[in-house]
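Undergrad: So you can see what is in the structure, the chains are spelled out below.
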Amino acid sequence: MPKHESSSALVPDENAAPASDPALRHHFDDLAQQHEAATLGMWLFLATEVMFFGGLFSAYMIYRVWYPGTWGDASRTLDITLGTVNTIVLITSSLTMALAVHAAATNERRKVMSFLVVTMVLGVAFLGIKSFEYYQKFAEHHVPGLDFRFEGQAPERANLFFSLYFAMTGLHALHMIIGLGILSVILYMAWRGRFTEAWHTPVEISGLYWHFVDIIWIFLFPLLYLVDRHR
Amino acid sequence: MDTDTLALPRTHYLNAEFGLASWLLTTDHKRIGLLFLGSISMFFVLGGIFAGMIRLELLTPPGDLVSDDTYNKLFTMHGIVMIFMFLIPSIPSVMGNFFVPIMIGARDLAFPRLNLLSWYIFMIGGCFTLYAIVTGGVDTGWTFYTPFSTMASTSNVMAAAVGIFIMGFSSILTGLNFIVTIHTMRAPGMTWFRMPLFLWAMYATSLINVLGTPVLAITIVSVALERAFHLGIFDPAYGGDPLLFQHLFWFYSHPAVYIMILPSMGIVSELIAAFSRKNIFGYTFVAFSSLAIAVFGFLVWGHHMFVAGMSVYGAMIFSVLSFLVAVPSAVKVFNWTATLYKGSVSYQTPMLYALGFIGLFTIGGLTGLFLASLGIDVHVTDTYFVVAHFHYIMVGGALMGYLGGLHYWWPKMTGRMYPDLWGRVAAVVTFLGFNLTFFPQFILGYLGMPRRYHAYPPEFQALNVLSTAGASVMGIGYLMPAIYLFWSLKYGPIAGPNPWGAKGLEWTTPSPPPTFNFDETPVVTEPAYAYDTVEKKLA
Ligand code: HEM
Ligand SMILES: [Cu+2]
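Protein sequence lines, in the order shown, are assigned to chains A and B.
Our numbering puts the first residue of the first sequence at 31, with every later residue one more than the last.
Our numbering puts the first residue of the second sequence at 5, with every later residue one more than the last.
Warning: the hint list may mix true and false statements.
Stated by the list, open to error - Pulled a few chain B residues facing chain A out of the computed Cβ check, cut under 7 Å:
{"#": "1", "residue": "Arg111"}
{"#": "2", "residue": "Asp112"}
{"#": "3", "residue": "Leu180"}
{"#": "4", "residue": "Pro192"}
{"#": "5", "residue": "Val214"}
{"#": "6", "residue": "Ile237"}
{"#": "7", "residue": "Thr288"}
Said to hold, decoys possible - Here are some, though not all, of the chain A residues that point toward chain B, as calculated from beta-carbon distances under 10 Å:
{"#": "8", "residue": "Ala68"}
{"#": "9", "residue": "Val80"}
{"#": "10", "residue": "Tyr97"}
{"#": "11", "residue": "Pro98"}
{"#": "12", "residue": "Gly102"}
{"#": "13", "residue": "Tyr218"}
{"#": "14", "residue": "Trp221"}
In short, the hints are calculated from the structure, not lab data.
Since we're looking at a predicted model, the values are computed, not measured.
For glycine and all other residues, C-beta sits at the position ideal for the given N, C-alpha and C.
Go ahead and model the full structure; you've got the sequences and the hints to work with.
TA: Pasting the structure below:
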């Protein structure tokens with residue numbers, strides 16, 4: 031190592047591509063590498079999320095197999111109309127999110143912003159409907175721990191169904207709220223004109239997250255609402 | 005490098021910036037590694053104090069030092085602190101953080117700010133657990149078995165559970181960061197099969213962290229929620245099942261023992277190669293065995309539940325699978341031994357720890373096979389045989405590897421050498437103290453002394469006295485590095501870039517490394533451990 035180099039330790043080395051883009055972080059060589067890292071990071075994070083929900087899903091499955099009668103009774107008390115409406119709301123929001131990502135790729139700032147706003151409005155609508163359903167459950171004394179009452183076979187096991195119902199939908203709703211937070215940051219960044227055709231990775235990976243949360247619901251809806259509808 | 009260059013004032017990661025803020029807000033992976041080193045060392049001391057009190061209580065047959073309730077809290081908190089606050093983070097957060105980027109020739113981890121966040125998350129979680137300890141402790145055992153933890157225990161289960169839940173995210177983030185970094189940021193020429201085996205171990209460990217820890221998180225949250233709101237998930241009164249907790253818990257916690265041991269195995273591979281001046285025999289086998297351990301580790305959790313009410317067929321399957329998971333570990337031990345064979349072995353401090361690791365890990369692993377055999381397990385489960393087994397793995401294995409790595413990389417991290425003689429003495433004292441502590445526990449367990457009791461029949465006293473004596477010897481073994489490593493920070497001889505004459509990118513950059521690790525992006529042209537090329541050139 032030549033001696034005069036010693037003071038240059040703080041500067042990234044000159045061999046790296048010239049820091050052409052302000053979005054390039056110092057420790058990456060180029061935007062492609064930075065993009066690859068961010069995307070892989072999000073996919074891995076989603077894998078952890080699958081495992082996270084997986085614990086609850088497996089508990090739900092086991093008890094569903096053990097207590098089909100109770101599960102049917104309890105499931106039939108859920109409001110299928112609201113559930114269906116919510117499913118449609120959420121799928122639509124996935125569509126608008128995808129459109130926002132597309133608009134970012136073609137660098138249409140206004141479109142990015144409006145699609146993001148629509149997505150967020152749909153997200154808030156979902157949460158609103160969900161809270162109304164929670165309120166109904168509360169009025170019917172179907173919230174475990176709060177003066178729980180249930181007419182049907184094996185009321186004490188119904189407690190277990192509703193525990194899982196609230197745990198799973200609650201966790202999902204929490205993810206929605208976090209998603210809304212992320213989207214507001216993205217909206218702000220889009221408004222500030224931070225994204226370019228070459229670099230709009232944050233829009234893409236928050237899109238991934240949003241789709242993931244939607245997919246969780248696509249599993250929750252039939253499991254919770256449609257179980258044993260035919261009987 | 006000539007000596008006068010060394011004496012020149014040089015900017016490196018330690019003196020690039022000064023002040024508390026420059027540490028608390030740093031995104032430099034090396035500094036974050038040191039932050040972790042400081043925190044987990046404190047937790048290790050805390051866990052050690054609990055261990056000392058356990059051993060003192062067990063010096064005499066009657067429960068005369070502490071009450072039964074206090075004893076329950078002691079072993080619980082010893083377990084929680086050692087496992088969740090020391091062993092699981094230890095090697096990944098300290099050596100992994102420090103060396104993963106350097107060993108692949110990158111300037112930093114892929115997500116530096118996430119990395120800093122993971123330290124803060126760890127400390128916040130740690131504070132919750134410490135809060136649980138100072139406000140009266142926890143008595144459930146580190147395993148939090150239901151229904152005791154959800155219904156009966158009156159201790160601080162909530163705070164401890166929340167702390168463990170939070171610390172889990174620190175592991176997840178670190179694991180995620182490593183995987184992405186290894187995938188996307190390798191220097192030119194650093195192919196997968198040129199990577200040092202430590203990196204393969206880090207990669208496999210990260211996979212477990214990323215896929216296993218969330219399951220623990222949701223399980224622990226369920227325990228907390230069940231305590232608060234009577235969810236019924238584990239409560240038979242509502243049709244719930246306490247065994248479900250054990251399934252979920254061990255689905256994480258068996259792989260978690262590999263979170264503790266795999267990183268050590270990675271370090272041992274580095275040490276064996278460096279101090280016997282040879283390429284690791286069967287490099288690819290050792291690399292893939294790490295992945296195999298990570299994958300198979302998820303399939304054997306049931307061996308912790310043989311006597312908990314599992315069908316005979318279930319138990320048989322888990323027994324067989326447990327034998328299978330031993331194979332990749334055996335592959336490693338075999339390959340290390342083969343590497344040593346005809347190597348030009350030098351017995352410096354790190355090497356002594358590595359050799360200690362191999363011996364103790366082998367004993368721990370073999371007794372694991374005893375336990376995986378249904379019949380024997382029914383006899384010795386919940387006795388000191390189990391305690392001895394997991395301490396051979398976790399203390400004899402994981403901790404020895406950690407100390408070996410700390411000694412090996414200390415000159416790189418600090419730029420200073422420590423007195424090698426003292427290092428060797430410490431390694432030998434630790435090894436002897438360790439065996440004196442834990443070997444008698446195999447016999448005790450075989451004779452039927454149950455674990456987690458604060459009093460025992462008089463005929464077990466002799467072996468218990470041996471064990472307590474061993475614990476004090478081992479304590480001295482741990483104290484010595486604490487002293488001479490601190491001493492070396494000020495008085496140790498300047499290390500130079502490569503004091504061991506070892507291979508690997510970390511030895512090509514100055515000690516301590518500059519802020520962005522390398523003055524020029526390195527280009528890799530040869531496999532890891534190309535020691536034979538050195539010899540050929542010399543010959
Ligand atoms: C330094 C000397 C140590 C001594 C003397 C010691 C002693 C003990 C003893 C006597 C027990 C059994 C308590 C019981 O079941 O009644 C125990 C449990 C345990 N120890 Fe250690 N230990 C030491 C170090 C460590 C270290 C370094 C670790 C981890 C890195 C560790 C991890 C554990 C775990 C996980 C348990 C199980 C706790 C439980 O099952 O509740 N120990 N230790
Ligand atoms: Cu196990």
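Undergrad: All the hints need checking, so say for each whether the structure fits it.
TA: How the hints compare with the structure:
1. Restraint check, Arg111(B) versus chain A: the minimum CB separation of about 4 Å is within 7 Å; hint holds.
2. A hinted interface residue such as Asp112(B) counts as satisfied when its beta carbon comes closer than 7 Å to some beta carbon of chain A; here the least separation is about 4 Å, so the hint holds.
3. Interface restraint check for Leu180(B): the shortest CB-CB distance to chain A comes to about 5 Å, inside 7 Å, so the restraint holds.
4. For Pro192(B), the interface hint is violated, the least distance from its beta-carbon to any beta-carbon of chain A being 10 Å, above 7 Å.
5. About 5 Å separates the beta-carbon of Val214(B) from the nearest beta-carbon of chain A, less than 7 Å, and the hint is met.
6. The restraint placing Ile237(B) at the interface with chain A holds, with a minimum CB-CB distance near 6 Å, inside the 7 Å limit.
7. The beta carbon of Thr288(B) comes no nearer than 24 Å to any beta carbon in chain A, farther than 7 Å, and the hint placing it at the interface is violated.
8. Nearest Cβ of chain B to the Cβ of Ala68(A): about 8 Å, under the 10 Å cut. The hint holds.
9. Satisfaction of the interface hint for Val80(A) is found here, the shortest Cβ-Cβ separation to chain B being roughly 8 Å, below the 10 Å cut-off.
10. Restraint check, Tyr97(A) versus chain B: the minimum CB separation of about 6 Å is within 10 Å; hint holds.
11. Interface restraint check: Pro98(A) against chain B, minimum CB-CB distance 12 Å, threshold 10 Å, status violated.
12. At about 14 Å, the closest approach between the beta carbon of Gly102(A) and any beta carbon in chain B exceeds 10 Å, and the interface hint on this residue is violated.
13. The restraint placing Tyr218(A) at the interface with chain B is violated, with a minimum CB-CB distance near 18 Å, outside the 10 Å limit.
14. Given the 10 Å rule on beta carbons, the hint for Trp221(A) is violated: about 22 Å separates it from the nearest Cβ of chain B.
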